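Chemist: Sequence:
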Amino acid sequence: MKRPATDSPEDCMLEPRAEDSKPPLKTRPVTSCSMCRQQKVKCDAGKMYPNACTRCAKLNKHCVVDPMYKPPKGSQLKSVMDEVQLLRNEIEIHTSKPVTSTTSTSSSSTYTLNGVTLNAERVVRLHKRFVERYLPYLPILETHSPEELYEQSKLLFWTVMVTACLSDPNPQQYNQLWPHVKNLIIETCWLHTPRSTHVVQALLVLATWPLPNMKILDDWSYRLIGLAKNISLQLGLHRGEFVSEFSRSQVRMTDAVKWRTRSWMAIFFLEQVWCSSLGLPPTTQADSLINNAATKLPSFSFAILIRLSAFCSRLINLVGNSQTSADGLIPYDDRINVLAVINNELDVLAQQLDLSEPSAEMYYLNIRLMIAVFSFIGGTDTRFIMNAYNAATRAVAILCGLPYQITQYPIWMRQCASFAATVLFRLHLSPHLLPKYHETARGSVVALHAKFKQMVTHWPVDNDISRIAKVVEKLNRTIVTNPELFKTPGIVSRMRSHLSASLFYELIWIIHEAQRRNGGGNSQGVSTSNTGRNTPTPQQPAPPVSSNSTSASVPNAPPNGSAPINGILKDADDSMAPLQLERPPVVKDEQFNDFGFPSDLGVIDIMQDWMDGKGDDFLGWMDVNLSPEF
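In my numbering, the protein residues as written are 1 to 630.
If you're looking for bench data, these hints aren't it; they were derived computationally from the structure. Check the hints yourself; a few may be wrong.
What the hints assert, rightly or not - As a list, the in silico SDA-like pairs of lysine to any residue whose alpha-carbon atoms are at most 20 Å apart:
1. 128 x 147
2. 47 x 62
3. 61 x 44
4. 215 x 387
5. 40 x 56
6. 182 x 226
7. 42 x 60
8. 61 x 51
9. 215 x 179
10. 453 x 401
11. 215 x 40
12. 436 x 387
13. 258 x 196
Source: prediction; values computed, not measured.
Work the whole structure out from these sequences, hints included.
Modeler: Okay, here's the thing in structure tokens:
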């Protein structure tokens, strides 16, 4: 006889009948409710009695403990679908909360985003700053007032506000705003279906002046470009004057074709920028709008950037889009011949373009460096060594001479300077670069690092600037701890599948390999015995060494005549001559003038002190810990 169902788990035990001659069966009491048993999930009905279990209470379900209940043997797929629906309901419960909200009250004239409030005066000032300092680099929208911008798109409005904060002397308000702008992106683009050119423009601005990120893989910029491209294809931004065939509402924009076309051009350009930086093949091909940019756009830097990006796309398609090789590169001999032709074509194009604007010249130099690095993968053609050296030193000189703080400049200018730093760092350790250029190459890295560290000190935000500064410091330390890692036959010998970013990824590999060999991030000197145990070696401060000193004049000097640097002895192997990190001689004033640095630049004093032997050694910027990720 079946017992009636009850809500009490204590009353649900099956007791054997007294008259039954068979021994009683031991049964486990049922303490899970029917709903949880059906879903096969953990239940706490026994602990919560007489209240409903946690799961039923959360989902507002009737909770009953029935020992005689048996889950139906229905379709497993239906059960899974029911569970998915329950999870969706939970997501809606959480996302329905006002996590991201924007309000504007005319009475108080304030704008609020999740508790961060900007008064009208501050908003007008930020709007003006964006129009004057930022918009000329990316002229894809027209805005006359913050009120108009707010009515057009709240995401675009707050994007403009947080971007303009990059010019503030400190990042206090920027740090208050950017997490909420990030949430606003999720709310606008993922939880809803955006169908607005203004949303595309906001994503492009954020890809040009990225939000903070500690690691390269944490950077949203590349994904934002992909999202902007997908939205643009649905809105017909790639079809220019045929906008009416995609959306009637978008036609009501003022000069709709003009701004939609520029937005599509910016997508193409920024995809080239980020793909070259990350070592990824771009997926957007140059179309009629891109190829006709010279006639569709006035003669200003944005038109030059579009033409250069089309050239960059052609470069990738010619040398890095092979269908027969696993690494995507065409054979080395064919690649060198193609690069020689491409390099000459770039010379001709540069003569046709006005590269007086730093943003245009920096992107041009970035393409120069890309051509050179392509020639370094799998071999070393000396014809491109000086091209890389000249382009890299010029890029460093331009960035160090910029009048405003680095965070204000678009990402392709900062990426070009970082690219130049890695190229010069590798070149100054290579025998392929003539010795007379080593000092300027190393001095350029010092100058750029000083500029970046100055920015990081006054603007303590995790971004590409702080990241490349850490990379240079770790590479600098690796030269001392593991110089053998740089003893390779070519400039790029270990990586080849990341296109022109292969050099950067190889240097990152060197950092992590040095960390592994030194015991997992111990930045102190480490000696390894034959047993494989890592034994810390106490570091002794190195005495000052003059340029003409010998082992006899230096206390505790090794027999081979090399002096310890930061407690670590230099390699005595003559084949490591390019890696002998001695203090370079004094650089004359005319050499600085030839280098292209402005005479009033503060970091020149730092570099000159280092070269004169007055400042810290090039290898002693700071005690770098190899363990943290960047």
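Chemist: Hints first: check each against the structure and report whether it holds.
Modeler: Hints, verified against the model:
1. Taking the CA atoms of residue 128 and residue 147, the gap is near 12 Å; set against the 20 Å cutoff, the hint holds.
2. Taken as a hint, the residue 47 and residue 62 pair is honoured in the structure, with Cα atoms around 17 Å apart against an allowance of 20 Å.
3. At roughly 14 Å between alpha-carbon atoms, residue 61 and residue 44 fall within 20 Å of each other, so this suggested pair holds.
4. Between residue 215 and residue 387 the alpha-carbon distance is near 30 Å, which puts this suggested pair outside the 20 Å criterion.
5. Taking the CA atoms of residue 40 and residue 56, the gap is about 13 Å. The hint holds against a cut of 20 Å.
6. As the CA atoms of residue 182 and residue 226 are separated by approximately 16 Å, the hinted pair is consistent with the 20 Å bound.
7. Taking the CA atoms of residue 42 and residue 60, the gap is near 17 Å; set against the 20 Å cutoff, the hint holds.
8. Between the alpha carbons of residue 61 and residue 51 the distance comes to roughly 12 Å, so the proposed pair stays at or under 20 Å and holds.
9. This hinted pair checks out: residue 215 and residue 179 have alpha carbons roughly 16 Å apart, not beyond 20 Å.
10. Annotation: proposed proximity of residue 453 to residue 401 holds, straight-line Cα distance about 15 Å (limit 20 Å).
11. Distance restraint check for residue 215 and residue 40: the Cα-Cα separation of roughly 39 Å exceeds the 20 Å cut-off, and the hinted pair is therefore not satisfied.
12. Between the alpha carbons of residue 436 and residue 387 the distance comes to roughly 16 Å, so the proposed pair stays at or under 20 Å and holds.
13. The suggested pairing of residue 258 with residue 196 holds, with an alpha-carbon distance near 15 Å, which does not exceed 20 Å.
In this structure, the earlier hints numbered 4, 11 are contradicted, and the remaining ones agree with it.
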